[in-house]
Amino acid sequence: QVQLVQSGGEIKNAGASLRVSCKASGYILTTYGLSWVRQAPGQGLEWVGWIDTNNGDTRYAKNLQGRVTLTADRSTNTAYLDLRSLTSDDTAVYYCARERRFDYWGQGTPVTVSS
Amino acid sequence: DIVLTQTPLSLSVTPGQSTSISCRSSQSLLHSDGNTYLYWYFQKPGQRPQLLFYEVSLRSSGVPDRFRGSGSGTHFTLTISRVEAEDVGVYYCMQTLELPRTFGQGTKVDIK
Chain X
1 QVQLVQSGGE
11 IKNAGASLRV
21 SCKASGYILT
31 TYGLSWVRQA
41 PGQGLEWVGW
51 IDTNNGDTRY
61 AKNLQGRVTL
71 TADRSTNTAY
81 LDLRSLTSDD
91 TAVYYCARER
101 RFDYWGQGTP
111 VTVSS
Chain U
1001 DIVLTQTPLS
1011 LSVTPGQSTS
1021 ISCRSSQSLL
1031 HSDGNTYLYW
1041 YFQKPGQRPQ
1051 LLFYEVSLRS
1061 SGVPDRFRGS
1071 GSGTHFTLTI
1081 SRVEAEDVGV
1091 YYCMQTLELP
1101 RTFGQGTKVD
1111 IK
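Residue numbers (this note's numbering), protein chains in the order written: chain X, 1 to 115; chain U, 1001 to 1112.
Any given hint might turn out to be false.
Below, a list of computed lysine to any residue pairs in the SDA-like style, where the Cα atoms sit at most 20 Å apart [to be verified]: (1) 23(X) - 1048(U); (2) 1108(U) - 93(X); (3) 1108(U) - 44(X); (4) 62(X) - 1099(U); (5) 1044(U) - 103(X); (6) 62(X) - 1097(U); (7) 62(X) - 52(X); (8) 1108(U) - 40(X); (9) 62(X) - 82(X); (10) 1044(U) - 93(X); (11) 62(X) - 1100(U); (12) 1044(U) - 44(X); (13) 1108(U) - 46(X); (14) 1108(U) - 39(X); (15) 1044(U) - 41(X); (16) 1108(U) - 42(X); (17) 1044(U) - 107(X); (18) 1108(U) - 43(X); (19) 1044(U) - 39(X); (20) 62(X) - 1001(U); (21) 1044(U) - 92(X); (22) 1044(U) - 101(X); (23) 1044(U) - 110(X); (24) 62(X) - 1003(U); (25) 23(X) - 1050(U); (26) 1044(U) - 43(X); (27) 1108(U) - 41(X); (28) 23(X) - 1047(U).
Non-contacting residues of chain U with respect to chain X, defined by C-beta distances greater than 10 Å in every case (computed) [unchecked claim]: (29) 1010; (30) 1018; (31) 1036; (32) 1065; (33) 1067; (34) 1068; (35) 1070; (36) 1072; (37) 1075; (38) 1081; (39) 1086; (40) 1087.
I should point out that these hints are in silico values taken from the structure, not numbers from a laboratory.
Keep in mind it's a predicted model, so treat the numbers as computed, not measured.
Think of the CB as a built atom: it goes at the ideal place given N, C-alpha and C, for glycine as much as any other residue.
Generate coordinates for the entire structure from the input sequences, incorporating the hints supplied.
Here is the structure:
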């Protein structure tokens, strides 16, 4: 069955960098795009970015442009989110979700950034 | 960017009653391929969102037929008939017509 399994929770200091992984099973990662979504405590869903896992094309939310990079490794069927220069505003649960329907979501990776 | 506006932002419903949530888009979500890329999700506290409907009205596997998605163009509705306690949570609409993907603000549903 299809699953997206994310890496574990992280606690970071302000200014540090973050990497979250999203390993796909039950399907070949490169056959579907992938989006990342985050949810700050008590808030709604915020789209972070999208990657065409087949050719590596990416598109990012304007407010994260320059700090975020999405990649995909076909050899391990795993996608990655890298976020640099963390601030307390980046404290959130980060999800990966299979495009285009967002029919499968990872379990979420809680990230806390302390200032 | 496409803006999705949900109303109301919160609902309190008597078990067994029906309710509906509106999602209005700042532009038509009808694609030239004939599909309309509007989705509904449900999120219980502490859980990941789960897909309810794709392309407006196509029910995802396992979603009870008490739920119905409808609408076209820029106006969409999620209707829940015979609300049950397990329906408590937050409902979101989302569009994938274009990038960036955008979500509605969410509608919190609880039971009276």
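Results of checking the hints against the structure:
1. 23(X) - 1048(U): holds, 16 Å
2. 1108(U) - 93(X): Holds - the C-alpha atoms of residue 93(X) and residue 1108(U) are around 19 Å apart, at most 20 Å.
3. 1108(U) - 44(X): At roughly 10 Å apart (the allowed maximum being 20 Å), residue 44(X) and residue 1108(U) satisfy the hint.
4. 62(X) - 1099(U): Holds, because 11 Å separates the two Cα atoms, which is no more than 20 Å.
5. 1044(U) - 103(X): Distance ~16 Å between residue 1044(U) and residue 103(X) Cα, so the pair holds.
6. 62(X) - 1097(U): holds, 18 Å
7. 62(X) - 52(X): holds, 18 Å
8. 1108(U) - 40(X): holds, 16 Å
9. 62(X) - 82(X): holds, 16 Å
10. 1044(U) - 93(X): Roughly 14 Å separates the two Cα atoms, so the pair holds.
11. 62(X) - 1100(U): Status holds; Cα separation ~9 Å.
12. 1044(U) - 44(X): Given that 20 Å is the threshold and the Cα spacing comes to 12 Å, the pair holds.
13. 1108(U) - 46(X): holds, 16 Å
14. 1108(U) - 39(X): holds, 15 Å
15. 1044(U) - 41(X): holds, 14 Å
16. 1108(U) - 42(X): Holds - the C-alpha atoms of residue 42(X) and residue 1108(U) are around 11 Å apart, at most 20 Å.
17. 1044(U) - 107(X): Holds, at about 13 Å.
18. 1108(U) - 43(X): holds, 11 Å
19. 1044(U) - 39(X): holds, 13 Å
20. 62(X) - 1001(U): holds, 10 Å
21. 1044(U) - 92(X): holds, 16 Å
22. 1044(U) - 101(X): The hint holds at about 19 Å.
23. 1044(U) - 110(X): Roughly 16 Å separates the two Cα atoms, so the pair holds.
24. 62(X) - 1003(U): Holds, at about 14 Å.
25. 23(X) - 1050(U): holds, 18 Å
26. 1044(U) - 43(X): holds, 13 Å
27. 1108(U) - 41(X): Judged against 20 Å, a Cα distance of about 15 Å means the pair holds.
28. 23(X) - 1047(U): holds, 19 Å
29. 1010: holds, 13 Å
30. 1018: holds, 24 Å
31. 1036: holds, 13 Å
32. 1065: Answer for residue 1065(U): holds, closest chain X Cβ roughly 19 Å.
33. 1067: holds, 16 Å
34. 1068: holds, 18 Å
35. 1070: About 18 Å separates residue 1070(U) from the closest Cβ of chain X, which puts it past 10 Å; holds.
36. 1072: Since the minimum Cβ distance to chain X is about 19 Å, residue 1072(U) lies beyond 10 Å and the statement holds.
37. 1075: holds, 20 Å
38. 1081: holds, 24 Å
39. 1086: Holds, because the least Cβ-Cβ distance between residue 1086(U) and chain X comes to about 19 Å, which exceeds 10 Å.
40. 1087: Check passes; 18 Å lies beyond 10 Å.
In terms of the numbered hints stated before, the structure departs from none.
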